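Per the numbering used here, the sequence shown starts with residue 3, numbered consecutively.
Any given hint could be a false lead.
As a list, the in silico SDA-like pairs of lysine to any residue whose alpha-carbon atoms are at most 20 Å apart [stated by the list, open to error]:
1) 139 - 434
2) 793 - 774
3) 749 - 805
4) 434 - 333
5) 563 - 504
6) 741 - 766
7) 124 - 152
8) 293 - 230
9) 260 - 475
10) 563 - 805
11) 763 - 844
12) 844 - 855
13) 86 - 139
14) 139 - 293
15) 416 - 434
FYI, nobody ran anything at the bench for these hints, they're computed from the structure.
Keep in mind it's a predicted model, so treat the numbers as computed, not measured.
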Amino acid sequence: MSPTTSETAQGGRRLVIVESPAKAKTIKGYLGPGYVVEASVGHIRDLPNGAAEVPDQYTGEVRRLGVDVEHDFQPVYVVNADKKSQVRKLKELLADSDELFLATDEDREGEAIAWHLQEVLKPKVPVRRMVFHEITKDAIRAAVANPRELNQRLVEAQETRRILDRLYGYEVSPVLWKKVMRGLSAGRVQSVATRLVVERERERIAFRSAEYWDLTGTFATGRAGDVSDPGTFGARLTAVDGRRVAQGRDFTSLGQLKEGANVLHLDEEGARTLAAALADTAFAVRSVESKPYRRSPYAPFRTTTLQQEASRKLGFGAKATMQVAQKLYENGFITYMRTDSTTLSDTAVAAARAQVTQLYGADYLPDKPRVYTGKVKNAQEAHEAVRPSGDRFRTPAETGLKGDQFRLYELIWKRTVASQMKDAVGNSVTVKIGGQSSDGRDAEFSASGKTITFHGFMKAYVEGADDPNAELDDRERRLPQVAEGNRLAAEEITADGHATKAPARYTEASLVKELEEREIGRPSTYATILGTILDRGYVFKKGTALVPSFLSFAVVNLLEKHFGRLVDYDFTAKMEDDLDRIARGEAQAVPWLKRFYFGESAKGSEGAAAAAGNGDGDHLGGLKELVTDLGAIDAREISSFPVGDGIMLRVGRYGPYVERPADAEGGTGHRADVPDDLPPDELTVEYAKELLAKPSGEFELGVDPETGRTIVAKDGRYGPYVTEVLPEGTPKSGKNAVKPRTASLFKSMSLDTVTLEDALKLLSLPRVVGTDPEGVEITAQNGRYGPYLKKGTDSRSLDSEDQIFTITLEEALAIYAQPKQRGRAAAKPPLKELGTDPVSEKPVVVKDGRFGPYVTDGETNATLRRDDDVETITPERAYELLAEKRAKSPAKKTAKKAAAKKTAAKKTTTAKKTTAKTAAKKTATAKKTAAKKTTAAKTAKKPAANAE
Numbered sequence: 003m004s005p006t007t008s009e010t011a012q013g014g015r016r017l018v019i020v021e022s023p024a025k026a027k028t029i030k031g032y033l034g035p036g037y038v039v040e041a042s043v044g045h046i047r048d049l050p051n052g053a054a055e056v057p058d059q060y061t062g063e064v065r066r067l068g069v070d071v072e073h074d075f076q077p078v079y080v081v082n083a084d085k086k087s088q089v090r091k092l093k094e095l096l097a098d099s100d101e102l103f104l105a106t107d108e109d110r111e112g113e114a115i116a117w118h119l120q121e122v123l124k125p126k127v128p129v130r131r132m133v134f135h136e137i138t139k140d141a142i143r144a145a146v147a148n149p150r151e152l153n154q155r156l157v158e159a160q161e162t163r164r165i166l167d168r169l170y171g172y173e174v175s176p177v178l179w180k181k182v183m184r185g186l187s188a189g190r191v192q193s194v195a196t197r198l199v200v201e202r203e204r205e206r207i208a209f210r211s212a213e214y215w216d217l218t219g220t221f222a223t224g225r226a227g228d229v230s231d232p233g234t235f236g237a238r239l240t241a242v243d244g245r246r247v248a249q250g251r252d253f254t255s256l257g258q259l260k261e262g263a264n265v266l267h268l269d270e271e272g273a274r275t276l277a278a279a280l281a282d283t284a285f286a287v288r289s290v291e292s293k294p295y296r297r298s299p300y301a302p303f304r305t306t307t308l309q310q311e312a313s314r315k316l317g318f319g320a321k322a323t324m325q326v327a328q329k330l331y332e333n334g335f336i337t338y339m340r341t342d343s344t345t346l347s348d349t350a351v352a353a354a355r356a357q358v359t360q361l362y363g364a365d366y367l368p369d370k371p372r373v374y375t376g377k378v379k380n381a382q383e384a385h386e387a388v389r390p391s392g393d394r395f396r397t398p399a400e401t402g403l404k405g406d407q408f409r410l411y412e413l414i415w416k417r418t419v420a421s422q423m424k425d426a427v428g429n430s431v432t433v434k435i436g437g438q439s440s441d442g443r444d445a446e447f448s449a450s451g452k453t454i455t456f457h458g459f460m461k462a463y464v465e466g467a468d469d470p471n472a473e474l475d476d477r478e479r480r481l482p483q484v485a486e487g488n489r490l491a492a493e494e495i496t497a498d499g500h501a502t503k504a505p506a507r508y509t510e511a512s513l514v515k516e517l518e519e520r521e522i523g524r525p526s527t528y529a530t531i532l533g534t535i536l537d538r539g540y541v542f543k544k545g546t547a548l549v550p551s552f553l554s555f556a557v558v559n560l561l562e563k564h565f566g567r568l569v570d571y572d573f574t575a576k577m578e579d580d581l582d583r584i585a586r587g588e589a590q591a592v593p594w595l596k597r598f599y600f601g602e603s604a605k606g607s608e609g610a611a612a613a614a615g616n617g618d619g620d621h622l623g624g625l626k627e628l629v630t631d632l633g634a635i636d637a638r639e640i641s642s643f644p645v646g647d648g649i650m651l652r653v654g655r656y657g658p659y660v661e662r663p664a665d666a667e668g669g670t671g672h673r674a675d676v677p678d679d680l681p682p683d684e685l686t687v688e689y690a691k692e693l694l695a696k697p698s699g700e701f702e703l704g705v706d707p708e709t710g711r712t713i714v715a716k717d718g719r720y721g722p723y724v725t726e727v728l729p730e731g732t733p734k735s736g737k738n739a740v741k742p743r744t745a746s747l748f749k750s751m752s753l754d755t756v757t758l759e760d761a762l763k764l765l766s767l768p769r770v771v772g773t774d775p776e777g778v779e780i781t782a783q784n785g786r787y788g789p790y791l792k793k794g795t796d797s798r799s800l801d802s803e804d805q806i807f808t809i810t811l812e813e814a815l816a817i818y819a820q821p822k823q824r825g826r827a828a829a830k831p832p833l834k835e836l837g838t839d840p841v842s843e844k845p846v847v848v849k850d851g852r853f854g855p856y857v858t859d860g861e862t863n864a865t866l867r868r869d870d871d872v873e874t875i876t877p878e879r880a881y882e883l884l885a886e887k888r889a890k891s892p893a894k895k896t897a898k899k900a901a902a903k904k905t906a907a908k909k910t911t912t913a914k915k916t917t918a919k920t921a922a923k924k925t926a927t928a929k930k931t932a933a934k935k936t937t938a939a940k941t942a943k944k945p946a947a948n949a950e
């Protein structure tokens with residue numbers, strides 16, 4: 003057993019290392035003067051990012067991969083360049099310490115950080131592993147008093163995952179560079195997640211809608227009715243002559259009735275005819291079926307359910323949720339937020355039950371505490387659910403939190419308290435009504451109701467739904483008190499048309515749920531995975547929906563055809579199982595990695611997987627061989643997708659485009675760019691033809707009389723422009739390279755109307771207007787932000803593009819004679835008003851800014867993404883963008899400069915009046931205090947250094 007702090011280095015100085023400065027600041031307040039708390043600022047050491055970072059003694063494949071695959075997959079670790087100064091600081095602090103506490107997070111990643119710190123710092127003093135899952139005074143002091151040793155098994159498990167992901171990424175990504183586009187990446191979980199989104203879009207493209215009709219009736223009991231016993235109610239036609247009426251679930255994705263479905267498919271004419279035939283029918287209640295209703299509370303949050311519910315209720319993305327949760331954890335408001343567990347400690351259960359009694363009364367408290375068992379296979383990331391910290395939960399009003407942190411804390415608090423409340427109970431009722439139509443057909447209608455007699459946990463919390471049309475658990479539907487045989491009058495019978503809908507695209511919440519249900523990856527990494535596929539351009543957002551780009555179609559197509567096993571869902575889940583077994587010590591890492599990388603034929607790998615406890619290894623093998631033989635991969639084929647009528651969608655180096663084959667043999671096909679933000683299921687044959695019909699390609703305008711070069715107009719990815727065609731043989735690269743003159747068209751010009759004269763004028767820019775009295779040249783130019791004058795380094799805006807060619811020297815000098823406007827121009831009116839933000843409670847508008855349209859509430863600005871449109875953006879989407887921007891922004895700090903000076907002066911004066919030893923000590927303290935406070939402004943400019 004490790005000695006406690008009181009048994010070692012008693013009275014000495016102890017260095018505590020955590021990951022982030024914010025966490026260090028909070029913990030420091032709970033420890034005494036004998037402790038120094040410093041941050042590592044995340045990982046200090048990792049695999050090299052490139053060959054340049056690999057030490058000189060390594061050569062060949064080791065330099066490329068950062069892993070020695072020939073010697074038991076030994077990793078090459080290097081201290082990150084941006085962490086070297088922090089490592090020096092930690093070593094200096096350690097040199098003056100008598101004991102080292104490694105207080106990183108208690109999960110696989112945190113254990114690895116602690117191990118790397120120990121390896122790099124090489125401490126000569128006792129080392130303790132300090133673990134906790136909440137940052138409260140009691141938890142921190144208990145962690146100091148009860149340290150443990152490093153868990154080497156967790157370290158090795160993280161290292162195995164890191165090596166595996168490096169091999170996968172560094173071997174497969176270059177294939178994408180060669181066959182699809184430079185700068186792409188592949189990953190063990192990210193590629194599978196992308197495939198899920200692409201497959202859903204394929205389903206939407208293949209989907210064919212089916213139309214079906216039914217009837218809705220409004221029936222009256224003949225009584226006046228009230229809230230508890232309504233006089234009328236609605237019911238839907240369910241059967242005709244005993245045959246069930248077809249609903250959406252009875253159709254295939256191709257719009258056909260499912261095979262063997264014995265249902266009546268009503269069309270519009272049939273529905274309207276039946277409605278007319280039932281106009282004078284006498285209806286009666288045929289049956290009333292009542293069942294007890296009971297709904298139990300939802301389990302406390304784990305990482306994925308927190309991300310899903312924050313998306314549904316608060317509009318947060320997974321990344322924004324984790325960023326806000328991280329701040330709440332580091333500041334002591336919630337427990338550790340990366341967890342697979344739904345378990346609550348005895349202390350937490352007692353705190354939740356106490357608040358149930360206090361806030362809702364003893365009637366809402368169950369006799370026994372509720373116990374939740376985890377559903378996640380191999381749950382191991384932490385030991386408790388995400389909950390409010392401490393042995394007494396602070397209500398949201400007591401926290402002093404604001405904005406997104408308040409909203410997320412409130413969500414966690416409500417869910418935790420509700421988890422220890424009684425069930426909601428009530429009754430569900432189904433009423434069936436029947437009657438004979440005038441043409442002799444028997445029609446049966448059905449109505450369902452639900453009443454809640456005791457709301458139980460629903461008083462505190464009701465879970466949201468991914469489907470915006472779904473009915474929430476606390477929704478009541480009251481039906482009148484009727485009995486079998488009661489006569490009913492049909493006030494109205496209407497025919498209703500419906501159409502089946504394509505499967506909904508994934509949202510961040512539903513994709514997280516899908517990954518977890520398929521047991522792909524670790525829940526704690528999902529936010530990072532989603533961020534990666536969005537940042538890489540594989541997926542973009544349309545509202546909250548995740549839309550795959552055409553680029554992702556090409557990438558997934560290549561992976562499915564040539565690396566099918568690597569993006570197979572079952573294979574990826576089996577790999578996760580294997581990695582968990584390695585973490586539990588039931589399997590060995592090296593034989594497993596050999597089998598994965600070299601395959602069955604690898605020397606020494608025959609049977610090694612099974613011998614090492616890895617089973618028969620059928621789902622592993624041969625990554626190296628797969629990436630070596632690339633001859634069978636046709637780059638054009640994997641990036642080509644038929645649209646119809648001979649039109650192909652191709653993904654090129656500069657983006658997607660449609661291509662129609664040449665009319666004559668030997669001719670060139672006609673091409674047209676496809677907008678980057680076009681959802682793939684919207685690329686129909688008609689739209690493709692529309693794109694091809696637009697002016698595009700090269701339009702020859704004539705020959706420049708001065709150079710003899712042909713001038714052409716083109717439609718580029720960044721708009722229409724004119725350029726010159728260089729003679730054949732002109733060097734295009736190297737020191738003698740010649741670049742053609744190029745100029746964008748003015749906003750008032752178009753490809754249809756631009757002339758050779760226009761083009762030559764554009765290519766002549768910048769235009770020399772003249773020189774000022776001091777001989778400095780003034781030019782008129784067209785730039786990114788519009789037309790302007792330039793004199794040396796002094797630029798002045800012009801009112802219109804036409805002024806570039808018409809402004810005179812006198813007019814230019816008059817502009818320069820005016821004082822340069824340092825402030826902002828008059829504010830432009832908003833483009834759109836979107837309502838009140840639920841966080842800041844201020845009006846949100848869309849404005850046109852220097853870098854394009856953005857949404858703002860007056861405090862936070864968020865640029866619209868490429869898939870957002872000013873005309874169609876919804877208030878919910880605007881709130882989501884603002885929430886994400888707030889989560890990324892550092893906390894605002896107030897620098898009290900006057901107080902800093904006064905404090906520093908006061909302490910220095912005091913130091914002069916004391917003994918030499920005390921003076922030295924206090925002067926040093928004074929300097930340190932002054933330095934901290936006078937650099938507040940500098941610190942504010944570097945938020946990255948203050949937040950992990």
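Hint-by-hint comparison with the structure:
| no. | hint | verdict |
| --- | --- | --- |
| 1 | 139 - 434 | 61 Å, violated |
| 2 | 793 - 774 | 9 Å, holds |
| 3 | 749 - 805 | 13 Å, holds |
| 4 | 434 - 333 | 57 Å, violated |
| 5 | 563 - 504 | 26 Å, violated |
| 6 | 741 - 766 | 15 Å, holds |
| 7 | 124 - 152 | 14 Å, holds |
| 8 | 293 - 230 | 18 Å, holds |
| 9 | 260 - 475 | 31 Å, violated |
| 10 | 563 - 805 | 56 Å, violated |
| 11 | 763 - 844 | 48 Å, violated |
| 12 | 844 - 855 | 19 Å, holds |
| 13 | 86 - 139 | 32 Å, violated |
| 14 | 139 - 293 | 50 Å, violated |
| 15 | 416 - 434 | 39 Å, violated |
Checked against the numbered hints given earlier, this structure breaks hints 1, 4, 5, 9, 10, 11, 13, 14 and 15; the rest are met.
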